[in-house]
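Kindly generate the complete structure, drawing on both the sequences and the hints.
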Amino acid sequence: MEDQKRMMQAHIDPDDIRKHPNLVHQQQDIGAILQRIMAITDESLDEAQARKHALNCHRMKSALFSVLCEIKENTALSVRGIQEEVPPDPQLMRLDNMLLAEGVAGPERGGFFAAAAAVAAAAEGSTDDGSLEHADYREKLSQIRQIYHAELEKYEQACNEFTGHVMNLLREQSRTRPISPKEIERMVEIIHRKFSAILMQLKQSTCEAVMILRSRFLDARRTRRNFSKQATEILNEYFYSHLANPYPSEEAKEELAKKCCITVAQVANWFGNKRIRYKKNIAKFQGEANLYAMKTAVDAASVSSQSSQLNSPATPDSGGYPSLCYTPDGRL
DNA sequence: GGTTATGATTCTAC
DNA sequence: GTAGAATCATAACC
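The UniProt record's numbering numbers the first residue of the first sequence as 1 and each following residue consecutively.
Hints should not be assumed to be uniformly reliable.
[Claimed, not checked] No more than 30 Å apart at the CA atoms, straight line, and that leaves these computed lysine-lysine pairs for DSS-like:
no.: 1; residue 1: Lys-194; residue 2: Lys-229
no.: 2; residue 1: Lys-295; residue 2: Lys-259
no.: 3; residue 1: Lys-258; residue 2: Lys-274
no.: 4; residue 1: Lys-284; residue 2: Lys-253
no.: 5; residue 1: Lys-280; residue 2: Lys-253
no.: 6; residue 1: Lys-279; residue 2: Lys-295
no.: 7; residue 1: Lys-259; residue 2: Lys-279
no.: 8; residue 1: Lys-140; residue 2: Lys-182
no.: 9; residue 1: Lys-284; residue 2: Lys-274
no.: 10; residue 1: Lys-253; residue 2: Lys-229
no.: 11; residue 1: Lys-194; residue 2: Lys-182
no.: 12; residue 1: Lys-154; residue 2: Lys-229
no.: 13; residue 1: Lys-182; residue 2: Lys-61
no.: 14; residue 1: Lys-229; residue 2: Lys-259
no.: 15; residue 1: Lys-259; residue 2: Lys-274
no.: 16; residue 1: Lys-229; residue 2: Lys-182
no.: 17; residue 1: Lys-229; residue 2: Lys-258
no.: 18; residue 1: Lys-194; residue 2: Lys-154
no.: 19; residue 1: Lys-154; residue 2: Lys-182
no.: 20; residue 1: Lys-52; residue 2: Lys-182
no.: 21; residue 1: Lys-258; residue 2: Lys-284
no.: 22; residue 1: Lys-280; residue 2: Lys-295
no.: 23; residue 1: Lys-279; residue 2: Lys-258
[Stated by the list, open to error] Label pairs and their calculated CB-CB ranges:
no.: 24; residue 1: Lys-284; residue 2: Glu-250; range: 25 to 35 Å
no.: 25; residue 1: Glu-189; residue 2: Asn-226; range: 51 to 61 Å
no.: 26; residue 1: Asp-46; residue 2: Ser-205; range: 48 to 58 Å
Don't read these hints as lab results, they were simulated from the structure.
Ideal placement from N, C-alpha and C gives every residue a C-beta, glycine not left out.
Set out below in structure tokens:
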């Protein structure tokens, strides 16, 4: 009767007992060991240590361990497992992408040189100064890259060291309490997650450093260069010859950009500024307007006269400008 | 060194 | 998305 009760408690199939008579005795042993474990907390430290030692040396220890490990697996760990399916952090992904694009993370080529090309583009129009800034930017970016990789190495080393330490500790502890390999694996995951927060901070501060560097070197306001005289003349000619509607089409902007050796965006900026400044102070620009209107008229006249009077006397070498007198505000 | 000119950016309205 | 307006930052000039 007592045996049956114990069997029920231990969920043992009676058929198994008939087949394996030793099983009943083994279950009795396990039951006794479990009871002793439960009683350990009520004992003094010395008594508990002695009992712990006795349990460690018990012949059933390994079997008991596997049972306890299985129980743990089926209860607490299985519950945790459901919650641990965490999707990749979008913030970390963004930082990774940025560091890759900037050439700080990943292979040195690609992003790094793309960024350098961006600097070169920003310094468009400038010569010596631009290349100097370009080199300076590359050097600074390279420094950031070096620091990032050094820190990353330190981080990985620290992470591996700590993980190894914890794993050893758990393995050591697994001699006295049931710790399954899966549990150790999960602990390693937890440690990696904690360390990834530090990694996130490293990536965040690296991104900030790159952004500051970029703003310092790529902010066009800091590296502003006036357009060449020729470029300004071309733009002004177009503006004043289309004064009724100074809004160049995309094609016209592209052509002007090509002629002036500037970007389409710069052409758009120039026209934006010109329109607003002209409108604000028409009187101030009147002279300029007359000058370019005259120039356009003379150019048109010279083209038509060249085509119709190829043998006519040569005009003075004044770049096609008429020798007319202007008032200070540009009027004839 | 102060002032003006100028190219670029940002914000707002459409 | 584009234009207008305000503003910033630097170049150029005196």
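> Regarding the pair Lys-279 and Lys-258, is the alpha-carbon distance no greater than 30 Å?
Replying inline: Holds, at roughly 27 Å.
> Is the straight-line distance between the alpha-carbon of Lys-258 and that of Lys-274 30 Å or less?
Replying inline: 19 Å, holds
> Would the pair Lys-229 and Lys-259 pass a check requiring their Cα atoms to be no farther apart than 30 Å?
Replying inline: Within the cut-off at roughly 12 Å; holds.
>> Against the 30 Å threshold, does the CA-CA distance of Lys-182 and Lys-61 hold or violate the hint?
In response: 20 Å, holds
> Between Lys-253 and Lys-229, is the straight-line Cα distance small enough, at 30 Å or below?
Replying inline: 18 Å, holds
> Given a hinted range of 51 to 61 Å, is it respected by the beta-carbon distance of Glu-189 and Asn-226?
Replying inline: 59 Å, holds
>> Run the distance test for Lys-229 versus Lys-182: straight-line Cα separation, threshold 30 Å.
In response: 74 Å, violated
> Taken at face value, is the distance from the CA of Lys-295 to the CA of Lys-280 at most 30 Å?
Replying inline: Answer holds: Lys-280 to Lys-295 is near 24 Å, not above 30 Å.
> Does the alpha-carbon distance linking Lys-194 and Lys-182 stay inside the 30 Å limit?
Replying inline: Distance ~19 Å between Lys-194 and Lys-182 Cα, so the pair holds.
>> Does Lys-274 sit within 30 Å of Lys-284, going by the straight-line distance between their CA atoms?
In response: 12 Å, holds
> Is the Cα-Cα distance between Lys-52 and Lys-182 30 Å or less?
Replying inline: 24 Å, holds
>> Check whether the Cα positions of Lys-140 and Lys-182 lie no farther apart than 30 Å.
In response: Judged against 30 Å, a Cα distance of about 45 Å means the pair is violated.
The structure does not agree with the numbered hints 1, 8, 12 and 16 stated previously, though it agrees with the rest.
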